[in-house]
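Peer 1: Once you have looked at the hints, place chain R on chain W.
If you want the building blocks of each chain, they are given just below.
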Amino acid sequence: MSELSPGNLSRRKLITTGLAAMAGVAGLGVAARLAQKYGLIPPDHGGIYGLGETLTYASQGLLTRHSLAREFSRSQISKPPFANEIEPPTDEFKRLQAGKFAYWRLSVNGMVVRPASFSIDQLKSYPSHSQITMLQCEEGWSYIAEWIGVPLSQILQAVEVLPQARYVVYFSIEPDTWESIDMADALHPQTLLTYGMNGDELPVGHGGPLRLRVPRQVGYKNVKFLTHITVTDNLKTFGKGLGGASPEFGYAWYAGI
Amino acid sequence: MVDSRHSALVRVTHWVTALCFLALLVSGAEIVTSHPRFYWGETGNDLTPTLFKLHIPASRKLVPTGYGYVLPDQNGWSRYLHFQAAWVVVFTGLLYAIFGFLTGHFRKNLLPGRADLSWRALSTSIVGHLRFQRPGAAEAWSYNVLQRLSYLFVIFVLFPLVIWTGLAMSPAFVSAFPATVNVLGGQQSARTLHFFVSLALVLFLLVHVGMVWFAGFWSLMQAMITGRAATTSAGRTMERT
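First to last, the protein sequences are chains W and R.
Numbered as in this note's numbering, the first sequence ends at 276 without a single skipped number.
Numbered as in this note's numbering, the second sequence ends at 242 without a single skipped number.
Extracted from the complex, chain W is given alone in its bound form (with noise of 0.2 Å):
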């Protein structure tokens, strides 16, 4: 017979058992309280794909905090880069287009001490920062190009991010088109407000004239046509909670997989 039927299940193994048990949940729940506070859960944590969404966010925000996305060489430089299908412009993006985007704006408010409005010249009168980086959708292509531009912690530093925040929620001129970051890729050195492409102005059909890139993560986080940026501590205020345009149509928040 087994050793595990109840007549030999002795006193002494029923408490062994029961300890480890107990220790079993004090150390899921210690994990749980570590992982919350070092801000390794995901917002869609819950439901049937939670478990694998919540290991690959942790395990990759504590392997990645310091990391830098790879950087090419100029020779290695796609030519042409691929641009992905765009929507038709809106008629508000054709006005602009028509002005050679001198009304441009992006407004930036939400948890920040003052909110501001920038034009791309105001942008551009940052210290510019270039990197050689690839974009690689999620469905499997990629290129690599020149990216010109602002980081994105500049910006945040000028309007001042209260220390309670905790996301970086973006939008596009085009409607419905919009995701979110948390504070370390927000604020991570090669997250960039991107102006140029390839020693040039960012062409439309790249996202220009400004478009959020993010090279850690795959494509579609990489918003185009970039108009307003809120940061807040709660992404259940903006659309269906999840978080960006992506995630409400199915895909995971965190991308760097």
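Derived from the structure by calculation, the hints contain no laboratory data.
C-beta: ideal position from N, C-alpha, C; glycine also.
Please note that the accuracy of each hint is not assured.
What the hints assert, rightly or not - Covered stretches of chain R (chain W as the covering partner; in silico rule of three or more C-beta atoms under 8 Å from a C-beta of chain W):
(1) 42 to 48
(2) 61 to 69
(3) 74 to 80
(4) 170 to 177
(5) 186 to 200
Peer 2: The following block gives chain R in isolation, referenced to the frame of chain W:
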């Protein structure tokens, strides 16, 4: 007490892995339909030459497939399921590997004996397989040399490779460990290799299920589910009590 043909841990990890593999295969095949083109090197897209293309319809309009229609976009749940199943299979594999080393499972049950690795023994086994000879009674309790070699290859070569090439596609993972993608020749190379290693695993699955069918499907299923020994073709229960 009757000896178990397969220990409980082997049985549980076997079926969890089988379930995960099915989920990875379905979701992986679905993800491929969004861009059924493969490349070598760092980058690849609709404007660059391919290494090869799959002649299937795509779930994206821009991909030139030659088909007049576009499949629905299913990548949301496919990616969720793919990564969740990958996590479960990684933990299951680690548990199995630790158990296998600690209990001597690999040494006792999977490592072929020195005598079995001679050319003569190997060719006898290969010829036996090619002639579809039914396994002898001894094989109800032990794996033959070709089984041992293929199981070891799947466990220690194909599974680690498929995990590695998968991670080498993750922009966040390679930001922390760039060498994992650089040594493969680039991100598109990693994707292409991931596809081929997956194909090799599918080939293994087909041969594996085929051999189980040939050797006695229900008795081997019983052995892998309940742990009780398979009956031989003569119908005798092999018990070592």
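Peer 1: Are the hints correct? Go through all of them and say.
Peer 2: Tested hints:
| no. | hint | verdict |
| --- | --- | --- |
| 1 | 42 to 48 | holds (count 6) |
| 2 | 61 to 69 | holds (count 3) |
| 3 | 74 to 80 | holds (count 4) |
| 4 | 170 to 177 | holds (count 8) |
| 5 | 186 to 200 | holds (count 3) |
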